[in-house]
Structures are given as structure tokens and as C-alpha cells.
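Given the sequences, and given the hints that come with them, work out the whole structure.
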Amino acid sequence: MTITKTQDGDQLNIALEGRLDTMTSPELESELHASLDGVNQLTLDFSKLDYISSAGLRVLLSAHKALSGKGGMKVTHVNDIVQEVFDVTGFADILDIE
Amino acid sequence: MKEITLDATIENIAQVTAFIDEELENLNCSMKAMMQIDVAIDEIFGNIARYAYTPNIGKATVQLDFDAESRNVTITFIDQGIPHNPLNFAEPDVTLSAEERTVGGLGIFLVRKTMDDVRYSDENGMNHFSIIKKI
Numbered sequence: 001m002t003i004t005k006t007q008d009g010d011q012l013n014i015a016l017e018g019r020l021d022t023m024t025s026p027e028l029e030s031e032l033h034a035s036l037d038g039v040n041q042l043t044l045d046f047s048k049l050d051y052i053s054s055a056g057l058r059v060l061l062s063a064h065k066a067l068s069g070k071g072g073m074k075v076t077h078v079n080d081i082v083q084e085v086f087d088v089t090g091f092a093d094i095l096d097i098e
Numbered sequence: 001m002k003e004i005t006l007d008a009t010i011e012n013i014a015q016v017t018a019f020i021d022e023e024l025e026n027l028n029c030s031m032k033a034m035m036q037i038d039v040a041i042d043e044i045f046g047n048i049a050r051y052a053y054t055p056n057i058g059k060a061t062v063q064l065d066f067d068a069e070s071r072n073v074t075i076t077f078i079d080q081g082i083p084h085n086p087l088n089f090a091e092p093d094v095t096l097s098a099e100e101r102t103v104g105g106l107g108i109f110l111v112r113k114t115m116d117d118v119r120y121s122d123e124n125g126m127n128h129f130s131i132i133k134k135i
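Listed in order, the protein sequences are those of chains A and B.
Under our numbering, the first residue of the first sequence carries the number 1, and numbering increases by one thereafter.
Under our numbering, the first residue of the second sequence carries the number 1, and numbering increases by one thereafter.
In case anyone wonders, no lab produced these hints; they're calculated from the structure.
The reader is advised that the hints may include incorrect statements.
Derived DEER-like restraints, expressed as beta-carbon distance ranges [what the hints assert, rightly or not]:
#1 A:Ser35 - B:Ser70: 42 to 52 Å
#2 B:Asp21 - A:Ser35: 23 to 33 Å
#3 B:Ser121 - A:Lys5: 20 to 30 Å
Positions of the beta carbon are idealized from the N, C-alpha and C atoms, including for glycine.
Here you go:
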């Protein structure tokens, strides 16, 4: 998985490419851990993300919670496979998906 | 039938996925079904790697069977770790708010929802867990 960060003031954009699974989720988790200080709004760009497993959902949930008292977290450009995972697990009701 | 046997470790999920994907490509599997199966491999082999032999490392075998008539593929994960039927997990409550949410049990729940069938059996002390998907 490739993680590309773009920061604009207190807005952070993270684009993911590849697979967000058991192997790669810890990479995103530590990247978020290192980057979220001072961030008000987080956008996760999934346009090049192939799929997500429950290991990735766990990281998304904790990021969502971390941003919930602030400007929030958005997930954008979700493909059919990822959307299905969000729908089935109820994450579609929790996350702000554009 | 095709099969691969290797150490049940998190690092080896990628090798299992590559092995299965190559077979699925040869069978002209749809991209969507392949991605759903890849997620299922991550969940199931990941669980075996984390729990089956803790704190030791043991072997796992992954078998692929294909029925040309129905176009059903059956992928069976076999380990000799502690007896464990993932289907005994209570289904998670997927209607809870973010604050109340945990992701325990969510992986196997996802597998049940995206595969056409899932089966568990204890055969001579070995865990056999199969996923069936029409490709």
C-alpha cells in the first residue's frame, strides 16, 4: 500500500493506493498517529484503494473517533468493493462517505 | 485440487493471496469476486495466524477446488491449532454508533455476508474452514 499525504493548514488529505488489510493497516495507523496532531479535518481518498478488510475498518473507526469532536473525517472516491464492506458492516451509517 | 502449505503467519497472507489469485485468474474469475475472496483470505488466514498456535508458529494448508459446472470455487483453510469454529462467534451489532462500536467478530461476519456459503468442520483434530463462492 502507498500512502500519500497532503496537508493544507489544519486539513489533512491522505490518499491510499493498494490494499488496506492486516499487513498494511498498521502502516496507516502509525501514519495517522504521527500526523493527526493539530489536524481539524481529515479526508481519506480511496480512489486507488482496491479493497479493505476488518483490520482496515478498525483503523478507520479509531481515526473517526479521534476527529469526531473536530472538523470530522471524510472518505472519498470509494469503489464498489469497499462500499459493499461499509454497507454490510454498518460503517456506511457511521462514516461520512462522499 | 490445488493447495499450498506454509507457516501460519501474518506475513504469509500475501503469499496465500497471490497463490489463490493466480488460480482465480486462470479460471476467469470476475475482478469483484476475486477482491471479495482476497478480503476473506485476509480475515481467515489472519485469524489462524493470530490465534491457532499462539504463542508458537504452526502450519496451515489452503486448498482450492473448482466445480466447472456450477462455477463454484471452494477454498478450504486447514490448521492443527486449537479447535476453533469461527461460526460460533456471536454476530456483531452493526447498528451501533461509532462510540459504541468495536470491530471484534466483524471480519468473519463480513466473510459470511460476501461469500455464498461458509462451512466449518473438525476433522481428526484439525480445523477445516471453507468458503464457497460462485465466480
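Ascending list of hint numbers which this structure does not respect: The structure breaks only hint 3.
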